[in-house]
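A.B. asks: Sequence:
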Amino acid sequence: MIRFLILFGFAYLFLHLHLTGDISKYINMRYGYLSFSMIFVIGVMAVYQLVQWNREGSKSQENVEKEMFGHDHAHENNTWWKKLITYALVVFPLITGLFLPIATLDSSIVRAKGFHFAEIDNDKDQYANHQILKPDTSQYYESSTYKKMLKSDMEKYSKSDNLYLDDDNFLRALEAVYNYPGNFTNKNISMMGFVYHGDSLEKNQLFLFRFGIIHCIADAGVFGMMVQFPQNVDYKDDTWIRAEGKLSETYYQPFKQTIPVLKVTKWHEISKPKSPYAYRKY
Numbered sequence: 001m002i003r004f005l006i007l008f009g010f011a012y013l014f015l016h017l018h019l020t021g022d023i024s025k026y027i028n029m030r031y032g033y034l035s036f037s038m039i040f041v042i043g044v045m046a047v048y049q050l051v052q053w054n055r056e057g058s059k060s061q062e063n064v065e066k067e068m069f070g071h072d073h074a075h076e077n078n079t080w081w082k083k084l085i086t087y088a089l090v091v092f093p094l095i096t097g098l099f100l101p102i103a104t105l106d107s108s109i110v111r112a113k114g115f116h117f118a119e120i121d122n123d124k125d126q127y128a129n130h131q132i133l134k135p136d137t138s139q140y141y142e143s144s145t146y147k148k149m150l151k152s153d154m155e156k157y158s159k160s161d162n163l164y165l166d167d168d169n170f171l172r173a174l175e176a177v178y179n180y181p182g183n184f185t186n187k188n189i190s191m192m193g194f195v196y197h198g199d200s201l202e203k204n205q206l207f208l209f210r211f212g213i214i215h216c217i218a219d220a221g222v223f224g225m226m227v228q229f230p231q232n233v234d235y236k237d238d239t240w241i242r243a244e245g246k247l248s249e250t251y252y253q254p255f256k257q258t259i260p261v262l263k264v265t266k267w268h269e270i271s272k273p274k275s276p277y278a279y280r281k282y
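My numbering applies: residue 1 is where the sequence shown begins, and numbers increase by one.
Calculated directly from the structure, the hints in this document are not laboratory data. Model, not experiment: these values are computed from the prediction. Honestly, I wouldn't trust all of these hints.
Unchecked claim - When the alpha-carbon atoms are kept at most 25 Å apart in a straight line, the in silico BS3-like pairs for lysine-lysine are as follows:
(1) K246 with K187
(2) K272 with K25
(3) K281 with K148
(4) K159 with K281
(5) K281 with K151
(6) K187 with K263
(7) K159 with K25
Construct the complete structure from the given sequences, taking the supplied hints into account.
C.D. replies: This is how it looks when you write it as C-alpha cells:
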C-alpha cells in the first residue's frame with residue numbers, strides 16, 4: 001500500500017505540474033512529452049501495486065512492520081532503519097514538490113554566484129550549473145555541426161536591420177550576436193529582461209538578463225546584454241524592461257574584454273512575464 005501511495009503521489013505531482021504549466025520552470029518544454037509520458041508509466045505502476053496489495057488481502061500488523069521497517073527476526077536488527085531512510089529519500093522530493101512554493105530564479109542568484117564568460121575561466125564542464133553572460137551551446141554539438149548552425153543563425157538574424165528578441169529566438173539569436181558582433185553592429189535590437197546592476201557600471205548602464213534553460217533547470221544560466229541609456233536611470237534589480245537601441249561594443253574591465261552593448265533609444269518598464277525563462281529552440 002505504501003508503494004502505491006508513493007507512486008500515485010508522483011503521478012499526481014507530474015499531472016499537477018503539467019496542468020498548471022509549472023513544469024516549464026523545471027525543463028525545456030521540448031522534452032515535455034517525456035515527463036508527460038511518465039504520468040502514465042507511474043500510473044500503471046501504481047495500479048499494479050494496488051492490485052498486488054488487494055490480492056494479498058489485509059495484512060497483519062507483523063507483515064505491515066515487515067514492509068515498512070523490515071522488522072523480520074530472520075534479518076539483522078538494523079534492516080528497519082535502512083528501509084526507513086530509503087522511503088524518506090523517495091518521499092522527500094514528493095513532499096517538497098507538492099507543498100513548497102515554486103520559486104523562480106532572479107537577480108539574487110546572479111549576485112550569489114556571479115556571471116562570467118566560460119572561456120575566461122577555462123570552464124568546460126557542461127554538467128555544472130554555471131551563470132554565464134553569453135549563450136554557448138558548442139559542447140552539445142559536434143564541432144562542424146555547431147559551426148554550420150551558428151553561421152546559419154548569424155545569416156538568419158542579421159539579414160534584417162531590426163532584430164526583435166522574444167521567447168522563441170532569445171538564446172539562439174543572442175548566441176549569434178555574441179559570436180558575430182560585427183555583423184550586428186548598428187543594427188536595431190529590441191530585447192527584454194530583468195535589471196541587474198553589475199560591477200564597474202556607470203549610472204546610465206545596467207544589464208538586462210533572462211534565465212535560459214538548455215535542457216532543464218540544472219543547466220540554467222543567466223543570459224543577456226549590457227545596455228546603456230542616454231541618461232542616468234534608477235531601476236532596482238529584478239525590474240523588467242523592454243529596451244530598444246543600436247548595438248555597439250564596449251570594453252568591460254571585470255571581464256578584461258570587449259563585449260556587446262545596446263545603446264538604448266527607447267525603453268519602458270514591463271510586468272514580469274508569466275514565463276520568465278527563455279528556452280533553447282532546436
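A.B. asks: Run through the hints listed earlier and report the numbers of any the structure violates, in increasing order.
C.D. replies: 7
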